[in-house]
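Asks: Here are the chains, one letter per residue:
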Amino acid sequence: MGAKELREGIGGTPTATAPPDIVANLSVAQLLDAMAIRLDGPRAWDSHLRIDWVIAEPDEEHALTVRNGVLRHRPGRHEPPADAALLVDREALDQLLLKTADIAELAGSGRLRVEGDGEKIGELLGLLDEPDPGFAIVTPD
Amino acid sequence: MSAQELEEARRGLVAPFDPPVVEGERGRVVWDLRSYDFLDGEPPDTVHPNLWRQSRLTRIAGLFELAPGFYQLRGFDLSNMHVVEGEAGIVVIDPLISTETAAAALALYREHRGERPVTGLIYTHSHVDHFGGAKGVVSGEEIEARGIPVLAPAGFLHHAVSENVFAGTAMGRRAGYMYGALLPRGPRGQVGSGLGQTTSLGTITLIPPTVDIVETGQTETIDGVEMTFQLTPGTEAPAEMNIHFPRARALCVADNVARSMHNILTPRGALVRDPRVWAHYLDEAIELFGADSEVLFSGHHWACWGSERIVDLLEKQRDLYTYLHDQTLRLLNKGHTGAEIAELVELPPSLAREWHCREFYGSVSHNTKAIYQRYMGWFDGNPAHLWEHPPREQARRYVEFMGGAEAVLEKARESFAAGDYRWSPRSSTMSSSPGRRTRRRGSCRPTRWSSSATAPRTRPGATSS
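Chains as they are written, first to last, in the working numbering: chain H, 1 to 141; chain P, 142 to 606.
Since the hints were made in silico from the structure, they are not lab data. Among these hints, one or two may not hold up.
To be verified - Among chain P residues calculated to face chain H with C-beta under 8 Å, some are:
hint : residue
1    : G182
2    : D467
3    : N523
Every residue gets a Cβ at the ideal spot worked out from N, C-alpha and C, and that includes glycine.
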C-alpha cells in the first residue's frame with residue numbers, strides 16, 4: 001500500500017468506520033463522546049458554554065459543558081442553567097453529526113429547534129474539528 | 142497559588158517529624174529526609190525551579206490534624222498514611238510502603254493522641270505504597286484474634302500481587318531508574334519524585350483484606366466511623382476507591398487526585414491506564430460528594446479545605462485527563478503519531494496555571510504517547526516501521542551510514558556544545574551499541590535490592606503508583 005501511494009498518491013480509506021447504521025445504534029452518550037474528541041482543544045481554550053441537548057424519540061436530555069478546552073456531558077439537566085437548548089429528534093441529530101443535513105436545513109423543516117442563545121450552538125459546532133480519513137502515512141504531508 | 146499550597150502543606154500541623162529518620166534492623170537506614178536538607182538553599186541551575194519548589198513542599202513532614210478526629214501522617218514515605226479516630230480506637234488508611242515507616246508514623250500519632258488500638262484497616266488501592274507497611278501498624282495475629290476488619294476495593298488482592306507475578310522483575314529494575322532511590326541526593330542527583338521525596342527501603346508486607354468493597358454507595362461503619370464508598374476501578378490503579386465520611390464531611394480520594402499531573406503510563410512500565418474512566422469517576426465524585434465535603438485528602442501531598450476549592454480541584458484534575466485523552470484522539474484521527482502528538486498538545490492556560498496540573502510526576506509528553514499506545518499500539522502505521530531492526534542492529538547500520546563511531550561522537554559533542562541536549566545523548570547512544578546481545582558479567586553494579594542472603598531487601602517502588 002505504501003509503495004502504491006508513493007507512486008499514485010493517497011487513495012483514501014476504503015471502509016467507512018461510522019456508516020449511518022452504526023451511528024443510529026450509538027447511544028446519545030456515545031454520540032456525545034464522539035463529539036467530545038472532535039473538539040479542537042486550543043480553539044476552545046477560552047470558551048465557556050452550557051448547552052442542553054433535548055432529544056426526542058426516544059426522549060433524553062443531556063447537559064453539555066465546554067470549559068478548560070474540554071467538552072463534557074452528563075445525562076439530565078444541571079446547574080448552572082444552559083445558555084441554550086437544542087431540541088432535536090434522534091434521526092435529525094444523527095444527520096447533523098454525520099453532516100448529511102445542516103442545522104438551518106433541519107430547523108427549516110421543523111425537526112430541530114433552538115431555545116435561548118442560538119449563537120452558542122453555532123459556536124459549539126464551530127469548535128469541532130474534522131478527522132482526516134485520508135491522512136498521509138508514507139507520503140509527504 | 143504557591144502561597145496557598147504552602148499554607149495547605151503546613152495547615153493543621155500537630156507535630157513535625159523530627160528527626161525525620163527511620164531505621165530498620167541493625168540500624169539500616171530505611172528513610173532519611175535529612176538527606177534533602179540541601180533544599181533549604183536557592184534552586185541551582187541544575188534543577189528545574191518548579192521541581193525544587195515541589196520538593197520543598199513534599200519534604201514537609203509530620204502529624205497533621207485535617208479535621209477533628211482525622212489525622213494525616215505525611216513525609217514518612219512516598220505516600221501518606223491517615224488515621225481516623227473511632228469510638229474505641231483508630232481506623233488506619235493506607236499504611237505506607239514499609240513496616241518501619243508505618244510504625245514510625247503511628248508512633249508519632251500515638252505520642253500526641255494516646256495509645257489507641259487499631260480497630261480497622263483500609264487500603265484505598267492495589268499499589269504497594271498504600272499497603273506494604275500494614276504489619277507495621279497491626280499484626281496478622283491481632284487482625285484475626287480481635288476480628289479487625291480490613292477493607293479494600295474488589296479485586297485488590299489479585300491486582301496487588303499480579304503485577305509482581307508477570308512483569309515484576311522488569312518493573313522493579315526500571316523503577317530504580319524512575320525514582321532514582323539509589324542516586325546520591327543533591328542538586329546534581331535525586332531531588333524528589335514529585336509525588337513524594339522517594340520510596341522507603343524497608344520491609345514490605347501484606348495483610349489480605351477481610352471485607353471487599355464491591356459497589357459505589359456501599360456503606361460500612363467501623364468503630365463508629367461511618368463511610369460511604371465510591372469504587373473507581375481502572376483509574377490510577379485497577380482496584381481503587383474513594384471514601385466519603387458524611388459526619389465529618391471529609392473525602393478521601395485515594396490516588397485519583399494528586400498535586401501533580403499523574404501518570405497515564407508510569408515510566409517503570411505498566412498496563413496503560415484509562416484517562417477517560419479516570420475523569421468519569423472524578424466527575425462522579427463531584428456529583429456524589431462535592432457539596433458535602435469540607436476537607437479532601439489523598440494518598441500523596443497535602444489536603445485541601447473548603448467545598449468550593451475541593452470541587453474546583455476535582456473539576457480541574459478531571460478536565461486535565463479529559464483534555465489529554467480527547468486531544469490525543471482528535472490528533473490521531475488526523476494521522477498524527479504518538480511522538481508527534483506529544484509535541485503538539487499544550488494544556489489550556491486555565492489548567493496550566495494550576496500547580497496541581499503541572500508535570501512533577503506525569504507529563505504531557507509521556508501521557509499523550511501513552512494514550513496513543515492505549516488506542517493504537519506500538520506501530521505508527523508506516524510499513525517501513527513494521528519490522529525494524531532491534532536497537533543494536535539498527536545502531537550499527539546508522540553509525541556505518543554516518544561515517545563510523547568516532548564521527549558520530551564528534552557530531553554528538555557538537556550537538557551538546559550547541560545546547561541540543563535532547564539529540565546529543567540520543568545520537569551518541571548509537572555509537573555505544575546499546576542493546577542486550579548478551580549479558581556481560583560484572584558490567585553493572587548489583588542493585589541494593591537484588592537477591593541477598595542477609596536482610597530482606599525491597600525493590601523500591603516496584604508496584605507503587
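Asks: So, for every hint listed, does it hold in this structure?
Replies: Cross-check of the supplied hints:
Interface hint at G182/P: violated, since its Cβ lies 36 Å from the closest Cβ of chain H, which is beyond the 8 Å cut-off. Because the closest C-beta pair between D467/P and chain H is about 5 Å apart, less than 8 Å, the hint holds. Nearest Cβ of chain H to the Cβ of N523/P: about 6 Å, under the 8 Å cut. The hint holds.
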